[in-house]
Amino acid sequence: MHQCQIRYRNSQGTLLRILLAATRRGLDLHSVRAEPEGASHRATLQLEANARQLAQLGRDWRAIVDVLEVGQPMPQGDA
Amino acid sequence: MSTLTAASVIEAPALKPRNGAALVWASLRAAGIDTVFGYPGGAVIPLYDALEGSGIRHILTRHEQGAAFAAEGYARACGRPGVAIATSGPGATNLLTGLADAKMDSVPLLCITGQVRSALLGTDAFQETDVFGATLPLTKWSHLVRSAEEIPRVVARALRLAQSGRPGPVLIDIPVDVLKATVSGEPMTFREEPAPGAPTSSFPATAVAALLREARRPVILVGAGVKLSGAVDAVRELLDRLQIPATATVHGLGVIPAGRAYGLGMAGMHGTRAANIALHETDLLLVLGARLDDRVTGDPSRFAPEARIVHFEIDPAQLDRVRKGELAVVGDLAATVPEFLRSLRAKPAPDFSAWRETACGPARAELAAGGTALPALRLLDRIYARFPSDGIVVADVGQHQMWAAQRFRADAPFGFMTSGGLGAMGFALPAAIGAQLARPQAAVLCISGDGGFQMNVQELATIRRCSAPLKLLVLDNKYLGMVRQWQQLFYQRNYAETDLSDNPDFVALAAAYGIPGERLGVDPGAPGGLPAATDEVLDRFLGRPGPALLVFECPPEANVFPMVPSGAALSEMLLCEEEN
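Protein chains in written order, with our numbering: chain A, 93 to 171; chain B, 22 to 601.
A few of these clues could be false.
Unchecked claim - From chain B, some residues computed to sit far from chain A (all C-beta separations above 12 Å):
| id | residue |
| --- | --- |
| 1 | 74 |
| 2 | 187 |
| 3 | 362 |
| 4 | 395 |
| 5 | 402 |
| 6 | 428 |
| 7 | 487 |
| 8 | 523 |
| 9 | 542 |
What the hints assert, rightly or not - Derived CB-CB ranges, DEER-like:
| id | chain 1 | residue 1 | chain 2 | residue 2 | range |
| --- | --- | --- | --- | --- | --- |
| 10 | A | 161 | B | 382 | 35 to 41 Å |
| 11 | B | 111 | A | 111 | 43 to 49 Å |
| 12 | A | 103 | B | 561 | 42 to 48 Å |
| 13 | B | 143 | A | 142 | 35 to 41 Å |
| 14 | A | 120 | B | 76 | 47 to 53 Å |
| 15 | B | 258 | A | 93 | 36 to 42 Å |
| 16 | A | 111 | B | 322 | 28 to 34 Å |
| 17 | A | 163 | B | 356 | 46 to 52 Å |
| 18 | B | 76 | A | 103 | 25 to 31 Å |
| 19 | B | 517 | A | 102 | 46 to 52 Å |
Just so you know, these hints were derived from the structure itself, not from any lab.
For every residue, glycine included, the Cβ atom is placed at its ideal position computed from N, Cα and C.
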């Protein structure tokens, strides 16, 4: 299980595009939290993915219009 | 490739009275758009009501998919965004294949869809579809407009994003009440936030020089990004300077000048023998604006197995996607390739002439074209020999597409377009219309198979309506040929549902749309299989002032070779029928 944090501008569909990058790979999203943070928003996702998938996800998230910052995925204990 | 002027201040001119629909047209005009493709319907009637006097030329297609592909062809031919318009519900969903195609092939496409009125959103109203939701994975950006005042800003942002970084499709969904809403007649001026620039890493000259110094068998792979970045001249200078064996993806065709000693031809599943062997043997692969999709790499785990990869790419999302690279040069090729050239002026690259002579030499040349495909290949050679070098060839998807790509030898970087990533049959006919309208002085040749031709055959009406002097070539083998080829080679000739022997009479069909046509068949006794009258027929076909159709009846079991079977390595290509 990994936790990923993404800071984004809360324009239409941005959060959905972030989630779709995971679901198109058949990854199960264990939890999703999205909330305002200052002038932008932060999404926190917990998901099961291998290192290669996490690397791809990071690149895909960065390519989404209005995504401002993608943090390093943090390994989590068993959910 | 040109782009729209990146004005930071947008002024939508005043119109009285003015509504949301008029604002759409005015905003498009303000951004330099003068041509759109579309199909009316209930939710966009206000848009069409405001069309006259807008300064926009509207091309009526006969299906919304045709509008999307035509807009794509327009964009691919001139580098400016293509715009397609459709109504809500089925009109909007018919655009989806075009959006997906534009996403895969990095085409700047703006789709504008009408939507049910705001009060009905989410009620499953007549012709309501959540097109915003349905297109999220297919678009780079999208927006559901909630007030007419938003329109100028939204249109400007959409067009900016469609062209920035890696170009792609965007969508604006507008409820019909927003289109009808009256807005102030005063001019609207606003400041458009600049689109995020492509991230650019500084050019790692020392690292690249070291890799070149250590390399023994370097190869350059050229992709669509070279054209999209407007870096063709710089890349050609780079190729001439390095003299390294160079190959191209199907979208990179036309970048590598014809006749150069380092030219390997096309790479990938139906690429040349020389290109695929070189890619398998290389120890240093310089990838310029290609995303290394599986049709180029074959089995990714066995692609260029000894190579260190230096990937020049504008879209960081494409890096390391199928194969881990040694070094990434992130940024616009129009910036990074000139930096590469400057570094070479300071420190020239080693001499790779011995490797070049091996990789590009006669021992690896194509086997003489043969088998049942020979007549089609010879026909394409004769057509290309007559076709202007600055003309545009638009190929559909299937066997004819690969034959057309294999035989394409023009130097024109924008001379060959096809649905490369999505592989959407039915692309060519409407895309060729768009290309012709974008470049009215250019000769445009549309090459289709009998399957794909029928997927958007209704656009023959559009050709007639706008008097586009397109030349339509149908290679008719009365099969879904590429699928049949796979069935032959990998499914024990079980030709399940690929037989199209009940095709209509295409010449009569074209005649019904007012387009003259004729038919040419194979002469088994003639050299190359082409009848003696071929030259005369081709001169007549290409020489007609208006649109014309030529149907070439191919041998039904003609195959495309070389071929790398799906999941195989590039080194495992099949070269001819006899191997099977």
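Quick rundown of the hints versus the structure:
no.: 1; hint: 74; result: holds (31 Å)
no.: 2; hint: 187; result: violated (8 Å)
no.: 3; hint: 362; result: holds (28 Å)
no.: 4; hint: 395; result: holds (43 Å)
no.: 5; hint: 402; result: holds (41 Å)
no.: 6; hint: 428; result: holds (36 Å)
no.: 7; hint: 487; result: holds (34 Å)
no.: 8; hint: 523; result: holds (38 Å)
no.: 9; hint: 542; result: holds (46 Å)
no.: 10; hint: A:161 x B:382: 35 to 41 Å; result: violated (51 Å)
no.: 11; hint: B:111 x A:111: 43 to 49 Å; result: violated (27 Å)
no.: 12; hint: A:103 x B:561: 42 to 48 Å; result: violated (55 Å)
no.: 13; hint: B:143 x A:142: 35 to 41 Å; result: holds (38 Å)
no.: 14; hint: A:120 x B:76: 47 to 53 Å; result: holds (51 Å)
no.: 15; hint: B:258 x A:93: 36 to 42 Å; result: violated (50 Å)
no.: 16; hint: A:111 x B:322: 28 to 34 Å; result: holds (29 Å)
no.: 17; hint: A:163 x B:356: 46 to 52 Å; result: violated (28 Å)
no.: 18; hint: B:76 x A:103: 25 to 31 Å; result: holds (30 Å)
no.: 19; hint: B:517 x A:102: 46 to 52 Å; result: holds (50 Å)
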